[in-house]
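Novice: Each chain, written out:
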Amino acid sequence: MHLHAQQSHPPAPLLTLNALDTLWLQVTGTLCNLACRHCFISCGPKNDNHPFMSVSQVAEAISGARAKGVRDYYFTGGEPFMHPDIFRLIDIALDAGPLTILTNGILIGADEAARCREIFDSSRHSFDLRVSLDGTSAAANDPIRGGGSFEKIMAGIRALADAGLNPVLTVTEVDEATPESREKFRTLLAAAGLQRPRMKFLAPFRIGREERRGRSYERFERLAEGDLIEGEEELLQCASSRMVTAKGWYPCPILIEESGARMGGTLEDATRAIRLDHPACYTCHVEGVSCRT
Amino acid sequence: MSGRSTDTPGSDRFTIAVFGGVYNNYLALEAVLEDAQARGAVSKYCLGDMGGFGPHPDRVFPLLRDHGVRCVQGNYDHSIGHGLDDCACGYTDPRDNHFAQISYEYTRANTSPENCEWLRALPPELRLSLAGRRVLLAHGSPRRVNEFLWESTTPDPFIERLLAEHDADLVLVTHTGIHWSRQLPDGRGVINVGAIGRPANDGSTAVWYCLLHVDPSTKDLVHELVSVAYDHERLAAEMRAEGLPEEFVETINTGWWTTCLEILPAKERHRSRY
Ligand code: SF4
Ligand code: SF4
Ligand SMILES: [Fe+2]
Chain A
0 MHLHAQQSHP PAPLLTLNAL DTLWLQVTGT LCNLACRHCF ISCGPKNDNH PFMSVSQVAE
60 AISGARAKGV RDYYFTGGEP FMHPDIFRLI DIALDAGPLT ILTNGILIGA DEAARCREIF
120 DSSRHSFDLR VSLDGTSAAA NDPIRGGGSF EKIMAGIRAL ADAGLNPVLT VTEVDEATPE
180 SREKFRTLLA AAGLQRPRMK FLAPFRIGRE ERRGRSYERF ERLAEGDLIE GEEELLQCAS
240 SRMVTAKGWY PCPILIEESG ARMGGTLEDA TRAIRLDHPA CYTCHVEGVS CRT
Chain B
0 MSGRSTDTPG SDRFTIAVFG GVYNNYLALE AVLEDAQARG AVSKYCLGDM GGFGPHPDRV
60 FPLLRDHGVR CVQGNYDHSI GHGLDDCACG YTDPRDNHFA QISYEYTRAN TSPENCEWLR
120 ALPPELRLSL AGRRVLLAHG SPRRVNEFLW ESTTPDPFIE RLLAEHDADL VLVTHTGIHW
180 SRQLPDGRGV INVGAIGRPA NDGSTAVWYC LLHVDPSTKD LVHELVSVAY DHERLAAEMR
240 AEGLPEEFVE TINTGWWTTC LEILPAKERH RSRY
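Here the protein sequences come in this chain order: A and B.
Position 186, counted from 1, in the first sequence is what numbering that gives the first Met the number 0 calls 185; the numbers after and before it change by one each time, with no gaps.
Position 155, counted from 1, in the second sequence is what numbering that gives the first Met the number 0 calls 154; the numbers after and before it change by one each time, with no gaps.
Accuracy of the hints is not assured; some may be wrong.
[What the hints assert, rightly or not] Calculated lysine-lysine pairs in the BS3-like style (CA-CA distance at most 30 Å, straight line):
hint : chain 1 : residue 1 : chain 2 : residue 2
1    : A       : K199      : A       : K45
2    : A       : K151      : B       : K218
3    : A       : K199      : B       : K266
4    : A       : K67       : A       : K199
5    : B       : K43       : A       : K67
6    : A       : K183      : B       : K43
These are calculated hints, taken from the structure and not from any lab test.
These figures come from a predicted structure and were not determined experimentally.
With the sequences and hints as input, model every part of the structure.
Specialist: Here's what the structure looks like:
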């Protein structure tokens with residue numbers, strides 16, 4: 000499998016950063032308390048390829064982003080709530096703008112949920128949580144996310160619901176989506192106490208562990224100059240966002256484990272144009288994927 | 000059309016009215032025009048989205064023209080004006096799209112060719128100079144017709160950037176349907192004037208718009224967001240008679256949104272009933 004067999008391809012489109020609207024922070028790097036089979040960056044308890052960010056790294060990235068007029072912030076990982084200073088990091092981000100945390104919810108118990116609620120109420124900016132789940136039962140979810148994970152994730156969702164918060168449920172659609180399958184998620188959330196469910200369905204990325212789980216990218220699934228349709232440049236998340244980890248700056252969360260994707264050690268390094276030469280860019284192009292809420 | 004024309008009212012004693020999101024609600028439009036007149040507005044501006052949601056699309060146009068309202072083009076106006084297939088609101092929830100499509104098709108079918116032509120010709124923005132401030136009137140945001148500027152997701156540094164990039168001291172927008180305003184320490188800022196076609200998802204049937212005038216003592220521009228009651232029961236009855244979705248009628252009657260909730264940020268969603 001040659002991920003970068005560019006020699007046989009025409010040059011990929013070059014995409015300039017229109018404006019830095021969104022900053023993604025990989026606060027816990029690739030460390031996660033799950034090891035989901037579809038995880039596009041192969042996170043897990045032992046993957047410290049990208050370690051935790053320090054509080055000062057986070058503060059520095061956010062202050063640079065603030066100076067550039069960034070509109071919103073996202074924390075991801077790995078699992079952000081594994082970070083020992085997560086609530087300090089949340090305060091730092093919410094002081095600068097709205098924050099969304101992508102979490103599997105497992106570490107959110109009653110105390111954490113209550114703390115989140117307090118922050119939600121006192122912040123002038125929106126504070127949002129996105130919890131990911133893959134099936135409406137342990138039988139459907141656990142083969143993908145790991146044994147026992149369904150119950151733990153649902154416990155986290157219930158804790159948030161009990162605290163009066165309404166997280167967005169994100170579902171990676173490994174198989175074909177149907178209205179019925181989506182309705183099942185609605186029922187599940189209602190049973191967990193979320194009467195006004197918020198749901199987001201995502202297309203899977205066939206890199207990382209997902210490449211081994213499902214089919215990998217075909218060689219033609221690669222973008223070439225001229226492939227982008229009119230107006231698409233603006234829709235791709237890498238046209239208006241960047242990712243920072245403990246190891247530096249990247250075009251997007253999807254590519255942080257891909258060799259050659261690192262743009263440098265500073266925000267300034269990360270403002271240059273990028274070449275959309277990765278097969279995952281093809282998924283973005285076809286599915287119109289945006290990771291925003 | 001450049002939309003860069005600059006208007007300067009003659010004296011520094013004036014009031015102007017700015018509203019948006021008419022959504023076919025000609026009864027609310029009448030009430031707002033009357034209210035603005037009573038409060039001494041010398042000129043009136045509309046930030047777009049004339050259609051959608053309510054009944055009898057063609058009834059708002061004579062009102063806008065007769066009152067000399069200067070208008071900006073919204074995403075809905077662009078879509079209806081050009082006869083596009085949908086309103087370009089960008090909802091992803093199938094239920095939202097279902098309802099949005101019903102009102103879009105109703106509006107398209109009931110907007111005359113002359114009014115479509117008028118919508119097509121609207122400028123994307125207007126610029127005014129008021130009390131020495133550069134005022135920019137846009138639909139969604141100064142940079143994108145369908146960008147949502149919500150209170151809880153529009154931080155100050157982002158406002159600073161928008162103002163700097165668009166050579167403005169004050170930006171007025173609509174498109175979200177919920178009014179709010181923010182003033183930076185130096186007096187510059189953003190006002191979302193809300194919508195007059197649909198209540199603000201706050202349990203009240205009234206609708207909101209904005210008045211701008213010069214403070215006689217400081218000589219600086221000040222604004223006021225005001226709510227206006229109108230005959231919403233009559234509107235609800237007309238919507239039913241036109242066969243528009245009962246979900247929309249409920250919003251008019253209760254002040255709570257029943258669809259398109261997905262677009263609300265967490266904080267604004269938390270305050271809503273559904
Ligand atoms: S998909 Fe999310 S929860 Fe699962 S291993 Fe990856 S980072 Fe962890
Ligand atoms: S994977 Fe998607 S978001 Fe990342 S650089 Fe490629 S096109 Fe952009
Ligand atoms: Fe709009």
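Novice: Quick check: which numbered hints come out false for this structure?
Specialist: The structure conflicts with hints 2, 5 and 6, although it agrees with all the remaining ones.
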